[in-house]
Amino acid sequence: MIAGGGSAGMAAGIMAARQGAKTLLLERQGMLGGMATTALVHSVCGLYRMREDAKAVYANPGFPEEFASALLRDRHADAPTKMGRLMVLPHHPTGFAQTADQIAQGESNLQIWFHTELTRVEEGTEGVEFEWSCRGTQVRACARSIVDASGDGTASVLAAKATEQTSGSKLQRPAYIFGLAGMPFEAFAEDNRLRVVHAIVEGVRSGALPKAAMGAQFRQIQVSQEVFCTVDLSGDQGDSLYDPLHPACLSRIDREGREIAGRLVEYLRTKVEGFNKCQVSQFPARAGVRESRRVITEHLLTGDELMRAQAFPDAIANAAWPIELRETARGPKWSYYEGEEPPQIPLGSLQVKGSDRFFVAGRCLGADHRAQAAIRVMGTCMATGQAVGIAAAIRAEDKPVSAEAIGKALECRAEPT
Amino acid sequence: MVMVQEQLMEPDEGEELESTDNLFEAGLDSMALMQLLLMIQDRFAVTIPASELNRKNISTVRSIALMIQKQAT
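Sequence order for the protein chains is H and F.
Once you know that position 82 of the first sequence is 82 in my numbering, the rest is easy, because the numbers rise by one and skip nothing.
Count along the second sequence from 1, then add 1000; that gives the number in my numbering.
Chain H regions said to be covered by chain F (calculated; three or more residues, Cβ under 8 Å):
(1) 194-200
(2) 214-225
Covered stretches of chain F (chain H as the covering partner; in silico rule of three or more C-beta atoms under 8 Å from a C-beta of chain H):
(3) 1021-1030
(4) 1035-1046
(5) 1049-1060
The calculated lysine-lysine pairs, modelled on DSSO-like cross-linking and capped at a C-alpha distance of 30 Å, are:
(6) H:K170 <-> H:K333
(7) H:K211 <-> F:K1070
(8) H:K271 <-> F:K1056
(9) F:K1070 <-> H:K271
(10) H:K353 <-> H:K170
(11) H:K55 <-> H:K333
(12) H:K211 <-> H:K277
(13) H:K399 <-> H:K353
(14) H:K333 <-> H:K82
(15) H:K408 <-> H:K55
(16) H:K333 <-> F:K1056
(17) H:K333 <-> H:K211
(18) H:K22 <-> H:K353
(19) H:K211 <-> H:K271
(20) H:K211 <-> F:K1056
(21) F:K1070 <-> F:K1056
(22) H:K22 <-> H:K408
(23) H:K55 <-> H:K82
(24) H:K170 <-> H:K211
(25) H:K82 <-> F:K1056
(26) H:K55 <-> F:K1056
Honestly, the hints are just simulated from the structure, not real lab data.
If you're wondering where the values come from, they're calculated on a predicted model, not measured in any experiment.
For glycine and all other residues, C-beta sits at the position ideal for the given N, C-alpha and C.
Based on the provided sequences and hints, a complete structural model is requested.
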């Protein structure tokens, strides 16, 4: 059973099914992709190795490469784009969901149930019992192994597994991303983009725009001719610190994001040439949460290990994205690893402590706060997802799970058969 | 120089920014640019008109200094 259908859960479900395991994936939204679709995050980070030149070299073989290639093939992504030393794949969120559907539907062992929430998880000696709920209907089921790819460690908490969380003052801030329509495409050409920057700064100085509009970042997706705007929110309100697990805070940041979007668009319409017909074309289903719970695993991956690109005997994926800390809403703090070889992620940081049938992947895997700021990106989530998908399938057959066994399976199962 | 370095959020730890380095290549994103613009106008008590904010004028620390000087005189 896979809890969550974001980048990690999707990869886990598909790879487990390809191993021959009868796989159930539970997702609370109506589509796969998680942040890449429902939060409108529109570029896949962590897919490529960090290089001086502009060549896009995949950091992880298997599902991340397969999925990125499918996005490009379906014209749901622009060509890989260099951002400083980093390379990202700008994608179209709607197209991401379509490509995900297409790949998942080809897997006969994979059952995906959208609109379901896990309500109970209990690990026994023979397997994991769980209950899910859909619009008030509760259903009980049993699995031989489980993957927590919920992003928030939801399955782990329900099963009374240990988790930890950085204090609200240090947690990575959320991003609110919305779609824009009604501007000519050249509104963001070189110096025109700077006019938008200038207008926003003037708006904040004069009080016409809220401070949170500072840093509003606009990105055009060429293949879909869409424009997205990203605003980092602080998530705090007065004495109440940011808490991405509390409905009061989650509701507040969604409302705040919509309000900023509305005010920004109204302001730009009157202040910037070409924006007079600008409109918000879509809101995300939810704000982009970057960090919440982290599950306690056999190995705690640390920021220091990533920085020195420590090699692990049980490595199962590469973490090609640098540490990108966003502890404030005033922009990122980057830390780059040493050398050319990307840091590794060990299997131990995906094995929930004290259990051999409970795995975790994606942004809530066993990492400290700094390491989480590197491994949380979607390309890396796909890589940790595919590793635990294979691991959970191996475990479901009562075979021993090892990095070597995962590597061997990956060689055989990377492409659809 | 220090202001620009701060706004670039240490893109390369341990590396010093030179006055002729291209800031866009060094990682000047829209957040850093907006904060820089706000600080320049507050610190130097100048108003930078929209027409002056172009890629040429803000591509290096040196060109930013020239732009500020022009507005202050």
